[in-house]
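Novice: Knowing the structure of chain A, use the given hints to seat chains B, C and D on it.
Chains as they are written, first to last, in the working numbering: chain A, 1 to 90; chain B, 1 to 124; chain C, 1 to 245; chain D, 1 to 498.
Hints in this document: simulated from the structure, not taken from any laboratory.
Any given hint could turn out to be false.
Claimed, not checked - Part of the chain B face toward chain A, derived, beta carbon under 10 Å: (1) S82; (2) L87; (3) L116.
All C-beta atoms in this analysis are idealised placements derived from N, C-alpha and C, irrespective of residue type, glycine included.
Spelled out, the chains give:
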Amino acid sequence: MLGEILDFSLAAILIWIAWRTVTTPDLFNAVVLFIAFGLLMTLAWVRLHAADIALAETAIGTGLTGALMLDAVAHITGKRGRRRAGRNPS
Amino acid sequence: MHVTVPTGTLGGGRKSGTVMIGGGLIYAMAGVVLFALGFYGFIVHAHLVRRLIAFNIMGSGVFLVLVGLPQRVAGTPPDRVSEALVLTGIVVAVSATAFGLALVRRLYDLTGETRLPNDPRPEP
Amino acid sequence: MSAVYGPIRQIAAALAWILGIGLSAAIVALSRPDFGLAELVEAHLEESGVRHPVTAVLLNYRGYDTLLEIAVLLLAVLGILAFRPPGPASIPDAAPDSSPVLAALSRLIVPLIVLAAGYLLWAGAHRPGGAFQAGAVLAGGGVLLRLTGTIPSFESPNAWLRVSLVVGLGVFLAVAALPLFEGSRLLEYRTAEAAMVILVVESALTVSIAAILATAFIGAAPPRIRCMSPSRPAHSAEGERAGQS
Amino acid sequence: MTGISSAAPWIPLLILLPLMAGALSFLFGPRGHRSLLAATMTGIWFSLIRLILDFENAGLQHYPIGGWGAPLGIDLRADGLSLAMLGMTATVGSFISLYALGYFAGDENRGIRFWPLWWLLWGALNAVFLSADLFNLYVTLELLSLSAVGLVVLAGDRDSLAAGLRYLLAALAGSLAYLMGVALLYGAYGTLSLERMAGLFRPEPANTLAASLITVGLMLKTALFPLHFWLPPAHGSALAPVSALLSGLVIKASFYMLLRLWFEVFPSALTEVFTQGIGSLGAIAVFAGAWLAFHQEKLKMLIAWSTVTQVGYLFLTFPLAAASSTSAPAALSGGVYLAVSHAVAKAAVFLAAGAMLKVTDEDRIDRLEGVGRHLPISLFAFAMAGVSLMGLPPSGGFIAKWLLLNAALSSGQWWWAAVLVLGGLASAAYIFRVLRRCFLPPREYAAFHPVPLVMPLAALSLAGIALALGLAAAYPLRLLQTGAPLLLEASAPSTVAP
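Pulled out of the complex, with its shape left as it was, chain A reads as follows (with noise of 0.2 Å):
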């Protein structure tokens, strides 16, 4: 019964996650939900009795995709971005 209860908060705090992960107007907190996200899938996979699963996406699915998409948002927002930050809100 308890571990009823933890799949469908877990669920629902995916899914959530998700929600704000594509509504967010701002980039750098969109990247940073996903990065959530992807920690909480680790332990979605943990309670689908995935080991192996929740090892990668820890190591590849949140922490590289993760780091790639910092970077990649840090070189964007460089430069001619920290202009066009400046005009609106993202």
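Specialist: For chains B, C and D alone, kept in the frame of chain A given last:
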């Protein structure tokens, strides 16, 4: 361990008492919702990084369905094949994401744009 | 979400709702298989050469998928290299980050990372772990070393890097093809040798995966570590970049 | 399950050789890439011919990788359809490789990046055509898409980067739709093997939804209207040999999968609404594509839009093959034959255009004057391949359309016959628009650069093959029909369709 139920019955728990909705079904459902959400983000966003994020959310949704569905009956042993498939899928997704992000950076260096040319969607 | 163009947003939302509801209904209504692969996976575990079923699927039963998958990973790097501007041979190498904290940290952490990767690789034979996780962890170490300037940036991959990028695909292809010369089938390992073969393949894969993931990170562009080390003047790297493009 | 379980190495070699060549060409760069090309091409052709000979003796070939066999392992399989597609890939691929030797002769920087991508692409194509596993097909499709995108961005300018990104996003979305369908089917039947799935599949609503997702994903990758938006920029802005590969071969892989899946695994779910609907999309693509092709200013964009048109024809196979058991064999042979002859003809056209553009340095159609005088071989190749694209005799395109026309008339669907005939006229319009320009005398100030002779010759050879496919159609068509379960089971949908 393995229980067969007539096709098309939902959960079936009330019927025979031997089959329960497993945690797998919850996650498969969540996977479907994530897929739809990611799809929405993929369409509405013009910013290429946002679209790649949406693609990754869609992908996570598919992976949850892939692993969740075979475990939807409680007590089914985890399906190692689907687990291996998802591992393959994660690696494919990260390859595509890395390639896509590198392309976005280069496009930005050349044009100063982070969206595709002739995109009808205004910049958010 | 007010920023998003109205009609597109509404159409997308409608499609997403249809997709979500349709798929949810499908998941509930889907028939259940009277047959699962789980029993088969267990039944042949003895012959597979490893005790961990996921590794058995990845490197033996469905090893062919993994063979193609490492080619997909390599493609990410080939694709990134494909559009790199030819440019002069010497991109001014972004100065190594002099942050002493980061340097000390990396001296401490990198050996641990290598150790962790080695453990994950070895563990893959009988419990969760394996080449992909190990490679990813190792790549994380590579990225860290790049950030501290220990690994130089590159214009085009030198021979060593090229070898480590393709060694995974190359070794896997060779191992896959070897049985063909003996009249056996592609990827058909003899049971006695399977454990050894899988370990060799996994080690080569780990090296390549680490190299590929780190190259994808480093090779995408000259590194920008500005956001992580605010002490460094932010504009020098920008200037190089702008001058280049 | 019919056919034999083969232990001969020809099937795996067709996949291993190009992958190995890809790894080696990346490792060694420009050194020895000619000998690598010669060795790999010889190996591929040798394996393919041996495989065809085996097939003629023994019929359908199964190859259980690792000796496990489906459903635990992955099976490869070669039937008439696979062999036709493999032959198409080898033929077009060989001539494009020779052409690329000339094309990249003065541009080593791009050349050393081209070869590994192209070898992996070739390996991916062969892997698609030989795979008999739903998830393995996903991996091969990703291999194909990523190498194709890598080749598009090889040009390196902003147009090709944007086109490559657009292509990448479309391809990724298509792959995920496909994978979601596969995930549902795996959840329902617990197997990934095409043949086991074929025996188990029932057209229940949930399964039909899975099949639809797979179909939409593959339609996106094949660029069927209205999911064609990514194709013209990608094919139009890539380098000439790359455009030829993309238009000729890459989109055929997902079309092949659609044929394979619908007529072998999901035939019970074929409904008249679906087949007529997908045929209508094809018809729209035929006319809208031709209209847009006619109004392009750039030569390569014109050819790229012509590909949208030709993809439209391919999808007429569905309503024609599903209508009745008598029309099915002709329709399927016609559809596959059209895919093959379009691959050859379109590659020839792109290669010829590439030579013309290299000679004139101009991508605009109204600057092509004088090409007839300075580049007669390329222009001749362009015209010959154009005959096949228009579907005039004697050409592979004519035979294919003739078969489709027969299927349309024998199943009483005159409207598809009308699309076939009128579409041919529309194609003629844009092809003649280019030819007319080329025959005009050159402008005085126009400069013409020489190109390596291998380039026009490769284009001419492919154009010759496009015509030869019309003169010697008997053998490939027989190959297509021997031992092909695809065609034998094609009569099934007619009993199910309302």
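Novice: Indicate, hint by hint, whether the structure satisfies it.
Specialist: Against the structure, the hints:
1. Interface hint at S82(B): satisfied, since its Cβ lies 9 Å from the closest Cβ of chain A, which is below the 10 Å cut-off.
2. For L87(B), the interface hint holds, the least distance from its beta-carbon to any beta-carbon of chain A being 5 Å, beneath 10 Å.
3. Given the 10 Å rule on beta carbons, the hint for L116(B) is violated: about 14 Å separates it from the nearest Cβ of chain A.
The earlier numbered hint that this structure contradicts is number 3, and it is the only one.
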